[in-house]
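J.: Starting from the known structure of chain H, fit chain W onto it as the hints suggest.
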Amino acid sequence: MKFTTGDYIFLSFMAVVVVAVVWIGILAHEEASKTEGAKRNGEQLVAWLTEAGTQRANPDYSIGACAAGGKAPEAIPVAAAAAEAAPAPEGAASSSEAAPAAPVKEAAKGPNTWGACTEQMFSLPAFKDMKNPFFEERPQFVAACVPSDATLTGALVVEKLVPTPVGSSIPFVASQLVDTDLIDGKLQLRVSVCDKGSYAIKIAEFEF
Amino acid sequence: MSETKTFISLKEINVKHILGEEDQPADISPDLPLRKWLHSWLLNPDIRGNHQATVESWIGFLIVTNLFVMLFEHVPQIYDPYKNWFHFFDVFSVGIFTVEYLLRFYLAPEDEEFSQKKNPRLAYVFSPFALIDFLAVAPFYLQAFIPVDLRVLRFLRLLRMLKLFRIVIPAYHEFLELNAGRTFRQRIHALIFPSAYGGKLQEIYDGFIGVCVLLSVFAVVMESVQSVSYLLNIEFTILDAVVVGIFTVEYCMRMYSCVEEPGFKAPIAGRLKQAKGVSTMIDFLAILPFFLEVFLHHLLDLRFLRVFRLSRLLKLTRGNDATQILVKVLKREWPVISASAFIMVLLVVLTASLGYLFEHDAQPDKFENIPTTIYWAVITLASVGYGDISPVTVPGRAMTVVLAFIGIGIFAIPAALLSSAFSDELVKEREVLKSELYEMMKDGHIDAAEIETIRAEANRLHLSEEEVNALITQIHQALEREAKFSHLPINQIAARPDFALEHYKALVGDIRQLGLLVDRSEFDKLAIDKGRLSPDELALWKHIQHRD
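Chains H and W, in that order, give the protein sequences.
The first sequence maps to residues 4 to 211 in my numbering.
The second sequence maps to residues 5 to 552 in my numbering.
Note that these hints are calculated values from the structure, not bench results.
Treat the hints with caution; some may be incorrect.
Below are the PhoX-like pairs computed for lysine-lysine, each with C-alpha atoms no more than 25 Å apart in a straight line [to be verified]:
1) K5(H) x K204(W)
2) K269(W) x K5(H)
3) K163(H) x K134(H)
4) K87(W) x K121(W)
5) K205(H) x K131(H)
6) K269(W) x K370(W)
Quick list of simulated restraints, FRET-style, between CB atoms [stated by the list, open to error]:
7) I29(H) x S394(W): 52 to 60 Å
8) F16(H) x E469(W): 23 to 31 Å
9) A460(W) x K5(H): 28 to 36 Å
10) E140(H) x F138(W): 51 to 59 Å
11) L218(W) x P168(H): 17 to 25 Å
12) S525(W) x K5(H): 48 to 56 Å
13) F138(W) x K5(H): 44 to 52 Å
Partial list, derived from the structure: chain W residues whose beta carbon lies under 8 Å from chain H [as the list claims (entries may be wrong)]:
14) F188
15) R189
16) Q230
17) N237
18) I242
19) V298
20) K335
21) W338
22) P339
Each residue gets a CB set at the ideal place from its N, CA and C atoms; glycine is no exception.
In isolation and in its complexed conformation, chain W is listed as follows:
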């Protein structure tokens, strides 16, 4: 992989550029000849800030929409009432595709690929992509001259899907280039797992899986609408089979290539470790209902299995860092959360028992026994209060008042714990980013690889331009301070109270950062149990960490 070494000095840092949000105007002269000007704005992929990517995205969107429209055309109950709309959409699509074809034909002499040919336009016409573009619109015009069977026409319209190759093939070539000399398994790994070898194809693959997940979940949701399910039962079945096929292949590829991941190297143990991972378990659950439904539909509740397919939505959490942070927080805070859950269970049982004791005689149908009263206890303690069951006796009501107050406090503990732990984790991650930034900026400049790291981290932590800017300013000031004092001996710093103050602030900042990054429980154990810090030192440490 070739890496561009673009150095940006600290004075030139442009956060928008680092975050990739820069609205860089395209460097296209308005004095260019019309053909070149049009090509530069609409079709040239090498000019940043032009409309090429937008044009490609919209064309891609139109192609995918065409696919769905074609699917719906096969459902008479949908097609017949909206026949005209379907026709208008077809005309619109053909119009856009024709304009695109003619534009590419007109601009072919400006295209790098054809400009060197003797007859660039002829070369374009016979190029594979142009043939695909032609086939995408030709059937529409063909029917104007020759009576073509509607079914044949619909089949020919499927050729429009081939236009997607315009996006996939360049990505595939880039993928091959990135993976030259690598093994088959490494290539599978590059496609499935995010890595430096994946390139655009990996992004397309991820997007494709995401679309499959959304489609499949949408289908499950729509299946619950009786009128829709009645019409599209067969289509939903086919979609489910296709999606499960894709997910099954993905699951196998993931299991096969996971040994290329660091920490999963052993052929069997590594794969078992991968299979036990949460995200792989989710992948497995996403395909399981399909197989169970076919073989065990007389033993299992089909509706349960169908709803179970909604677990596919969890597949999208693979690329979602917020979910990963939440899992990390849950793992870290598990002992505290389980302790508060234990108290909650005690309180629920106590409330249910008291409720049964006071109310059973007055309302034997509602407070039948302690297990059935647990429902009322949970609803009351969680402040939901449906009101379908309520105490009527004086002691029962008095007890409910007291326990409802306690319940508000106890049931709020896990939520408060989680939210504070979540925000702590974010602060911690930002501090880590700050230290990374500090290390990166120590040499006085940022290179392209470092920009990529900052961009990825800023995206992961959902930092805005202002936040990154503030971090950079802080580091900048810290570096300046360090440069100012680092060469001074402590007695000279002490001689100047303003220097001493800045130095003190820097030291406190360092201690605070240390407190965020260190394993607190381990630190406390060493400090308290082994007596490595005096009580005053420990108190000061806690004070600086805002833990006293």
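Looking at chain H on its own, in the form it has when it is part of the complex:
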């Protein structure tokens, strides 16, 4: 078999094409891995909240801010207190507010509010190093994943599910759990994360 110059040019071109496809494949894999990382964050949050949900009604529950039954937070760790001192936007309620989950202001983190609970939660060793793989920052809580907003990739969405009256066409209504929401009773929650295209991936629905 004889090779012509054209054959060599074609083979060189093919080599470039294969390298390009492999490179793009690696990029796609990295992006997919980041989405996997975001899912792991969501799973970790679900696992912790589910576990907390079974214990937080006990009077001696240690994470005071997350306790049920009106128990006040006993001790906000130093790290959280320091973070609290830093200026931050008001909560992280809407999709346009895409900053990392910032410490909530005084009004938002009264005893048994979701804001106070997350603040204390993120100071725990299990969550201290949690990072949004897309931005290498602490994952933010957002109202919803919006595909047009690339800053929401890897964000967490926590929604409370309120059952609708019997006979309704939808079984429940979902709304964002905002920092000021009281969590002193049983709550039905849904956790989702935003993927690389800022589409929501449901992690789980559970009782907290």
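T.: Relative to the frame of chain H, chain W by itself:
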């Protein structure tokens, strides 16, 4: 290429043989010694009708299944609940592969390749294929004696894939033989485009691309199932990258070697022509979303791009003749279809306008304006009738009744046109085959090359054994008639009314065939515009063609 000249006389024609559907029993004597008998039935590729091809196919299937099972083993959410099933499948596969290895070892003295060696079985054991077979099962037995890391074991199990070489290597050798002395580009062409130089390797290549298409489309479909996509997101990403890599290489090879195709010879113009072709455009669309998704995912809707990957399914239409016939029919009937589409558009606009006129005041939210009423007009005229929007006024309802009746007729036109044109095209193609058969059988026999042509054409036109048989009978009778009358002068035929009748039937048949094969519009133009046929002749022509 050597061509076997097997002549079959017309009296001996066996349609099943021509169509390759003949259940030829294997010519293996039951009195053979057991070893030879077993080899003849199970492993000898040269005996037609034995089980060798079936054994090879099932082993190939088991190897590919093993590959998928190995992939799923890496997903704990799938592997953990079905651990036992995975283990049973592994044991089953190893069992089958071991039996195959031992069988080949036992039958090695009967194998042409080893029978001449001093020690055939030893020669078999050290042959490359046997080493591959051994490596495919050895790790399983190894773990019984030595504690082997599960990951290492899984990696070693990948060696089972090498067993596929048993199928690929002989095909590759055949390919090299067929392409001896040909250039690199010609070889690429032989691999990508169906030709006499492709051989078995081209078939394997086509099958491989088909499997890639199906896998990729299956993955896109399964990605829409949230529970599956959640578990296999990374695997789907890797699969997509691998499949796109394969399709991209295929696209480049097709563009490079297309200049070997007749009609595409010019280096630049030929390639541009190839790139503009429907099937090459489909190939391009099949890989485009992958590149767009990586670079433009913040600008484009990712879900749209993912669904767009389903266009890969269209790649399978390359080998599908029914699709090509449909495209041909659409091209041919385009003026008529576009005319009926124009009438449909007029009717839709008219209906929407009347609907808006009569219903807007009563239902301003539903019949808001003419553009939004178009949806209701189409749903009504196409007889879909979802019922989400419906007229409530008396004039509106009366108008809907009338227009719905008209819509049934108008909207049915394109469907009727297409179906009749499609069946016309099939009839035409069959007539072409009939003429080809006629030409082939004129000399009183059919050779091997002609059998191949008939087989390919019968497959392309989806003709059953009975249909081919009927065609052959018709041609046979026509040939007999021709032989009977061809030597007779017309006055002698006329002297015998029975001869005259047969001769007349033959002539009408010829005219009908002529009408099917000729370009009708061109014929009509010549006959009518240029006055080459008298009105009576034209009427008779149309009558014979059933066009009056």
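J.: Of all the hints numbered above, which does this structure not satisfy? Sort the numbers upward.
T.: Hint check: 4, 6, 8, 11, 13, 20, 21 and 22 fail, others pass.
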